[in-house]
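Chains A and B supply the protein sequences, listed in that same order. With the working numbering, the residue at position 183 of the first sequence is 238, and numbering never jumps. With the working numbering, the residue at position 205 of the second sequence is 1641, and numbering never jumps.
So, partial list: chain A residues that the calculated Cβ filter (under 7 Å) puts toward chain B:
id : residue
1  : Val135
2  : Gln158
3  : Ala162
4  : Tyr170
5  : Leu173
6  : His184
7  : Tyr185
Here are the simulated lysine-lysine pairs, DSBU-like style, with alpha carbons at most 35 Å apart:
id : chain 1 : residue 1 : chain 2 : residue 2
8  : A       : Lys210    : B       : Lys1634
9  : A       : Lys210    : B       : Lys1714
10 : B       : Lys1453   : A       : Lys210
11 : A       : Lys210    : B       : Lys1530
12 : B       : Lys1714   : A       : Lys84
13 : B       : Lys1452   : B       : Lys1530
These are computed hints drawn from the structure, not numbers from a lab. Don't be surprised by glycine CBs; every beta carbon is placed ideally from N, CA and C.
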Amino acid sequence: MATLKICWRLRERNESNRIRNAGKPRSPKVICLSRLAKIFGQRVAVDDLTLHVRAGEIFGLLGHNGAGKSTAIGMMLGQVWPTQGEVHVCGHDVTRRRSLALQRVGAIFETPAFYDYLSGWRNLEILSHYSAPTPAERIREVMEWVGLAGREQSKVKTYSHGMRARLALAQALLPQPELLILDEPGDGLDPEGIHEMRQTIRRLHGELGLTIFLSSHLLNEVEQLCTRIAVMNQGRKVFEGSLAEVKQPKNWVRLRVNDFHQAVKSLREENLIVDERDGQFVALASEAGTDVVVRRLVEQGMAVYEIARHEQTLEDFYLGLMRNDSDR
Amino acid sequence: MFYLQLRNELWKLFAKKRTYIGFLMFLLAQNVIILLFRFTNGPRVSMIRTLEGNGYLAQQFISALTVATFMLLPIAYLLLPLYVSLVGGDLVAKEAEDGTLRMILSRPVSRLRLLLLKWLAGAFFSLALVLALGLFGVVFASFWFPWKGLFVFIPGELFSVFDAAGGLQHYVVAHLMMATKAVTVMGLAFMFSCFNVKPAAATILALSFVFVNFIMQNIPYFHDLQHWFLTYHLNIWQFMFAQPIPWWKIGESLSILLGFNLTFLVIGLTVFQVRDIKS
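Excised from the complex, chain A in its bound form:
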């Protein structure tokens, strides 16, 4: 019954959002970071980070451990003071008007911490009252939505890892957020838990129409969920764009010949390729086709064993970015 009520309310909200946004060229920016920097002592944790996330997006912030993702999230939530730059969330400056900015924001961290000696219900009550008085009915609805109905009065110390993750989601959903910030949501979960988490994020986006900002070092997770991503390395943003851009940035083909380096040299001289990597991939120039490449190589007496289109995975892209960045 409660689930039905939520869905009905959500549909209503989505509909009103759709009507409100009709005719507008682009959705509003929900997160706006401009020239953001954070220095801890001598260490630059975040360096000149500019980022925009629009309403309705699932935005992924990628980077290895220590790249500055959590510090960036800390600054978005007003937990870490920026050394320089501005952070706007839901249209409000977080450093100056934090309470307003976070009014409709929910957050989940990599290891959700709770008062283990209290019940799940009491935990939700305590945390939600920091936002606004929350009726018991609302807590019940959310508990049901995340699948914890029946266990609300059990102490959190008796919860499994997955149940704690669901409780974390419940506390984030209580203030009826427009924006959900997830810091490494898949960390520490088993494959089943990761799958469940992924499904939940899709539901939150689809059913509740939430804007979701998630940070992760798990490429697969980001690849399956996000519409747009940014990549951070050593505190700096090294890429921002859509997943489509990531997957087809260049016209990559796999080329197997008897002498790859000689083939690359020859194709470059003819301006038929623009890049090469890993001793087997070449990026074709925009006007070049595989037939032209094969003809040229055969004319030069090279044996071509294989030529095939190659769609770049996020992993290829990410590793390439990291390589290029460390070469710089």
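Assemble chain B onto chain A, guided by the hints.
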């Protein structure tokens, strides 16, 4: 809203088992002292000798109130600071250590409001602990000793005798004054708790501050400077047993304690406000 948030802070505090260590230890310590006083001769004989040496009929003053007050001194000097600083040191640092502080601060609550709520919860605990100390003492002592006059003797400080009714009044007022001591020590530990330290470190820093003050205050060389030490003002409650009560001295100490409390709170707030909260 403020009431709800304060209620939640109290929930968090009083649902933890370690919060009750102080209450439990008071119960144990007081009952052990009462039984020793009842079934051994040493302390009783010494008290009788002091009373009769000063021309009083000792049996009129070996009472529940006298024994409860006799126990108060060591407990208030040693155990009370320990348990209030244990809780005060936990209030912020434990939440930071456990990660729940990060969960709270992802909510639209200001750091100032959060700290005030926590400080109030700590002050409530301190009051409850002092109340329990006074109540346990007098209730358990009355199981073994009659309800008669009150005799208080602190060597070099005071020698007072009261009838039962007057004694009870002084006993109650002394506990009200002792609450200021408990709140101040809790506030000191709370201030350290706002720094980026472990809860145990905050507790140890607060206790070190109190005990170093106490040691210095009691070195004869510093006797003339004792008004400069925090512990002198913390222990002003014992003057509530003086005849007459030195109200001017009490007022002076209360003002100084108020100043200390405000300073601790402002330092704590400032440090917490500028701190980065990281996992």
